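**Student:** Each chain, written out:
Protein chains: 2
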Amino acid sequence: MNETIETLKSHVSVRKFKSESVSDEMVETIVEAATRASTSSNLQATTVIRVRNDERRQDIAKLAGNQKYVVDCGAFLVWCVDLYRSKMACEMGGGEFCAGMTEHFVIATVDVALAAQNAAIAAESLGLGICYIGGIRNDPAKMTELLALPKQVFPVFGMCIGWPQKKSNPKPRLPTSITLMDDIYNQNQRQPLEEYDQLMESYYKDRGIEDRTWTSFMSELLGKESRPHMRSFLADQGFDFK
Amino acid sequence: MNETIETLKSHVSVRKFKSESVSDEMVETIVEAATRASTSSNLQATTVIRVRNDERRQDIAKLAGNQKYVVDCGAFLVWCVDLYRSKMACEMGGGEFCAGMTEHFVIATVDVALAAQNAAIAAESLGLGICYIGGIRNDPAKMTELLALPKQVFPVFGMCIGWPQKKSNPKPRLPTSITLMDDIYNQNQRQPLEEYDQLMESYYKDRGIEDRTWTSFMSELLGKESRPHMRSFLADQGFDFK
Chain A
19 MNETIETLKS HVSVRKFKSE SVSDEMVETI VEAATRASTS SNLQATTVIR VRNDERRQDI
79 AKLAGNQKYV VDCGAFLVWC VDLYRSKMAC EMGGGEFCAG MTEHFVIATV DVALAAQNAA
139 IAAESLGLGI CYIGGIRNDP AKMTELLALP KQVFPVFGMC IGWPQKKSNP KPRLPTSITL
199 MDDIYNQNQR QPLEEYDQLM ESYYKDRGIE DRTWTSFMSE LLGKESRPHM RSFLADQGFD
259 FK
Chain B
19 MNETIETLKS HVSVRKFKSE SVSDEMVETI VEAATRASTS SNLQATTVIR VRNDERRQDI
79 AKLAGNQKYV VDCGAFLVWC VDLYRSKMAC EMGGGEFCAG MTEHFVIATV DVALAAQNAA
139 IAAESLGLGI CYIGGIRNDP AKMTELLALP KQVFPVFGMC IGWPQKKSNP KPRLPTSITL
199 MDDIYNQNQR QPLEEYDQLM ESYYKDRGIE DRTWTSFMSE LLGKESRPHM RSFLADQGFD
259 FK
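Sequence order for the protein chains is A and B.
Residue 19 is where the first sequence starts when you use my numbering, and the numbers rise one by one after that.
Residue 19 is where the second sequence starts when you use my numbering, and the numbers rise one by one after that.
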């Protein structure tokens, strides 16, 4: 095991931060590391918006479901799919941008996530803690307005970065006996899921949550519509799923 | 700068591998590290299929556009969005899976990319080289058949892992002066893109490619339809963009 793998394996989301700020230089180092991630055909469809303005941070914390750490963390970054720049580049190169392709949506979303994960790891290797904020998709139209995002750009997730007050132990994950398969997909997963349920039930119990298993949590999460506004929001921004 | 950030910054895609294999133990370590990445609400929507079978690898190399390194690399992994397992978990927990939501598609695709990037970094920290293979989306229906993927699963990208024959220098990226913005989106990007074009033109020239800039390459890439089958393929797998 090396230092890098130790960093990867000790990841936990941090939601309580010390009041110390994160320097511009550190943010620069982190985002620089992000840009080094693989990107499909060198498309580089990622733009990061660092939100400095306090009022704007408070607005975002609120729309993300009152996530106070959006305000408290040392640096708050919004990770955006950016095909506005790609469109500009295409036109500068003499082409006419073919908008709204599903494939471009997939490529660009993957691009952003790869870059962001590099940033997360860079931050954690410096002793910082991070937390992804999917809650910004609660009201992506409002986010888009707050950050003055043009068409062909959308905010995928936020990221809190800061000095951790405390770090908990990593949460148990599904074992690789179930997530890593050989050659073909194995549908036979009930028993390992039942075992994982037992593990998670005691994990939650230790944290004062009774009668919750992974599958009961998944049924709460996936047994109802999730952010049903996403489809029309994305269409408004020019992502048409053609 | 620390060792981890050095690893991140020295990333290049590797397409020439030594014939040495990558041990099962190493693949296990790499995928284990992948599972530690953040995952939205602990959804864990990632399944990795390690393709061992030679014939299957050859079929994949071919459909990915004759990418020989899919066969030559020490380990070839296919990274899949897996909501089949999520659906099973939801039902085991007593819920009825709400299929086809755009939001679930976004969450799951991000989940897979975050996990895969952890894997990429774990591999590189061990001295291995990697290359993402988007080409598996040339014929995702055939991929789905080859890997016997059920509905609610789709192959996002492949990943070659192996011992590099040689490593080139990292490709210049867009500077953070353009990809990192403060508070609101800055549409004024023409001049830095022109400067990046000059940089990339000489980068390509050094590699024997004349008259190519970043924007000319982007216009080739984005000025036409890209994998127009993706929308209907995804719908067939149960991803309806509701």
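Rather than coming from a laboratory, the hints here were simulated on the basis of the structure.
These figures come from a predicted structure and were not determined experimentally.
Some clues are possibly wrong.
[Said to hold, decoys possible] Quick list of in silico lysine-lysine cross-link-like pairs, DSBU-like style, CA-CA up to 30 Å:
{"#": "1", "chain 1": "A", "residue 1": "Lys27", "chain 2": "B", "residue 2": "Lys185"}
{"#": "2", "chain 1": "A", "residue 1": "Lys80", "chain 2": "A", "residue 2": "Lys242"}
{"#": "3", "chain 1": "B", "residue 1": "Lys27", "chain 2": "B", "residue 2": "Lys160"}
{"#": "4", "chain 1": "A", "residue 1": "Lys260", "chain 2": "B", "residue 2": "Lys27"}
{"#": "5", "chain 1": "A", "residue 1": "Lys169", "chain 2": "B", "residue 2": "Lys260"}
{"#": "6", "chain 1": "A", "residue 1": "Lys27", "chain 2": "B", "residue 2": "Lys223"}
{"#": "7", "chain 1": "B", "residue 1": "Lys34", "chain 2": "B", "residue 2": "Lys185"}
**Student:** Compare the structure with each hint and give your call.
**Tutor:** Status of the hints after comparison with the structure:
For the suggested pair Lys27 of chain A and Lys185 of chain B, the alpha carbons sit about 26 Å apart, so the restraint of at most 30 Å is met. Restraint check: the Cα-Cα separation between Lys80 of chain A and Lys242 of chain A comes to about 23 Å, which is no more than 30 Å; the hinted pair holds. As the CA atoms of Lys27 of chain B and Lys160 of chain B are separated by approximately 35 Å, the hinted pair breaks the 30 Å bound. About 35 Å separates the Cα atoms of Lys260 of chain A and Lys27 of chain B, which puts this hinted pair outside 30 Å; it is violated.
For the hint pairing Lys169 of chain A with Lys260 of chain B, the CA-to-CA distance comes to about 21 Å; that is within 30 Å, so the pair holds. The straight-line distance between the Cα atoms of Lys27 of chain A and Lys223 of chain B is roughly 41 Å, outside the 30 Å bound, and the hint therefore fails. Using a Cα cut-off of 30 Å, the hinted pair Lys34 of chain B and Lys185 of chain B holds, with the two alpha carbons roughly 9 Å apart.
Taken one by one, the earlier hints fail for this structure at numbers 3, 4 and 6, listed in ascending order.
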